[in-house]
Amino acid sequence: DAKTTQPTSMDCAEGRAANLPCNHSTISGNEYVYWYRQIHSQGPQYIIHGLKNNETNEMASLIITEDRKSSTLILPHATLRDTAVYYCIVRRSNQAGTALIFGKGTTLSVSS
Amino acid sequence: GAVVSQHPSWVICKSGTSVKIECRSLDFQATTMFWYRQFPKQSLMLMATSNEGSKATYEQGVEKDKFLINHASLTLSTLTVTSAHPEDSSFYICSARDTGGRYEQYFGPGTRLTVT
Numbered sequence: 001d002a003k004t005t006q007p008t009s010m011d012c013a014e015g016r017a018a019n020l021p022c023n024h025s026t027i028s029g030n031e032y033v034y035w036y037r038q039i040h041s042q043g044p045q046y047i048i049h050g051l052k053n054n055e056t057n058e059m060a061s062l063i064i065t066e067d068r069k070s071s072t073l074i075l076p077h078a079t080l081r082d083t084a085v086y087y088c089i090v091r092r093s094n095q096a097g098t099a100l101i102f103g104k105g106t107t108l109s110v111s112s
Numbered sequence: 113g114a115v116v117s118q119h120p121s122w123v124i125c126k127s128g129t130s131v132k133i134e135c136r137s138l139d140f141q142a143t144t145m146f147w148y149r150q151f152p153k154q155s156l157m158l159m160a161t162s163n164e165g166s167k168a169t170y171e172q173g174v175e176k177d178k179f180l181i182n183h184a185s186l187t188l189s190t191l192t193v194t195s196a197h198p199e200d201s202s203f204y205i206c207s208a209r210d211t212g213g214r215y216e217q218y219f220g221p222g223t224r225l226t227v228t
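Just so you know, the protein sequences line up as chains P and W, in that order.
Okay, so the first sequence: first residue is 1 according to my numbering, each after it adds one.
Okay, so the second sequence: first residue is 113 according to my numbering, each after it adds one.
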């Protein structure tokens with residue numbers, strides 16, 4: 001699987017958009033980008049995933065660059081409850097039966 | 113969305129005893145479940161992959177005789193920490209993939225194990 005690089009930490013004011021970047025410059029054509037988050041002392045929560053088109057759901061938007069070497073997770077109106085560690089993971093489509101491998105992620109701190 | 117439960121949510125046990133942690137997929141069937149361990153301020157580390165009806169596959173460095181995994185049905189996997197020691201104290205998290213066609217992995221809430 002392609003390696004991902006994320007900033008260690010980010011801060012965001014409550015109500016503002018949180019934009020979390022992820023670099024995956026070695027991503028290959030059949031690899032998806034997944035985002036999960038982990039709130040303190042809880043299990044990870046699925047947020048969104050995409051291949052090459054931008055995706056949006058009720059939680060967030062995922063913007064993938066045209067060359068697919070990087071992506072940005074956008075929380076449009078961050079709340080205090082969005083404070084968590086956010087993980088960007090790249091995985092091949094045919095690896096759905098294999099485990100997700102977590103890196104260190106980005107610790108997002110949302111403050112009032 | 114799909115729900116994965118774990119039981120217990122936290123447990124304290126004495127050194128040398130064994131502890132069983134259950135992981136259940138509540139509204140879907142899971143041929144494959146995964147067990148992770150997380151130490152404070154660290155990321156999740158994959159311990160093993162559990163397949164229904166067959167032996168688990170353990171990651172390098174994880175002792176299969178110490179961490180016994182059983183996946184007897186499509187909705188239940190168990191992790192037994194045998195002869196627990198204080199260094200086994202950790203946050204244990206399971207996850208499951210819905211075999212009904214979706215690709216997302218769903219995670220349980222985790223079990224906090226403290227060995228005294």
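If you are wondering where the hints come from, they were derived from the structure by calculation, not from laboratory data.
Hints are supplied without guarantee of correctness; some may be wrong.
To give an idea of the chain P side of the interface with chain W (calculated C-beta under 7 Å), a few residues [said to hold, decoys possible]:
#, residue
1, Gly29
2, Ile39
3, Gln42
4, Gly43
5, Phe102
DEER-style ranges, computed between Cβ atoms [unchecked claim]:
#, chain 1, residue 1, chain 2, residue 2, range
6, W, Asp177, P, Arg16, 43 to 53 Å
7, P, Asn30, W, Ser166, 35 to 45 Å
8, W, Gln141, P, Lys52, 29 to 39 Å
9, W, Lys176, P, Gly97, 33 to 43 Å
10, W, Glu171, P, Arg16, 37 to 47 Å
11, P, Asp11, W, Ser166, 18 to 28 Å
12, W, Thr226, P, Asp11, 41 to 51 Å
13, P, Arg16, W, Lys167, 43 to 53 Å
14, P, Arg92, W, Ser127, 24 to 34 Å
15, W, Cys125, P, Asn54, 41 to 51 Å
16, W, Val115, P, Asn53, 42 to 52 Å
17, P, Arg16, W, Lys126, 24 to 34 Å
18, P, Gly103, W, Asn182, 27 to 37 Å
We put the CB at the ideal spot given by N, CA and C, even for glycine.
*Against the structure shown, which of the earlier numbered hints fail to hold, in ascending order?*
1, 2, 7, 9, 11, 12, 14, 16, 17
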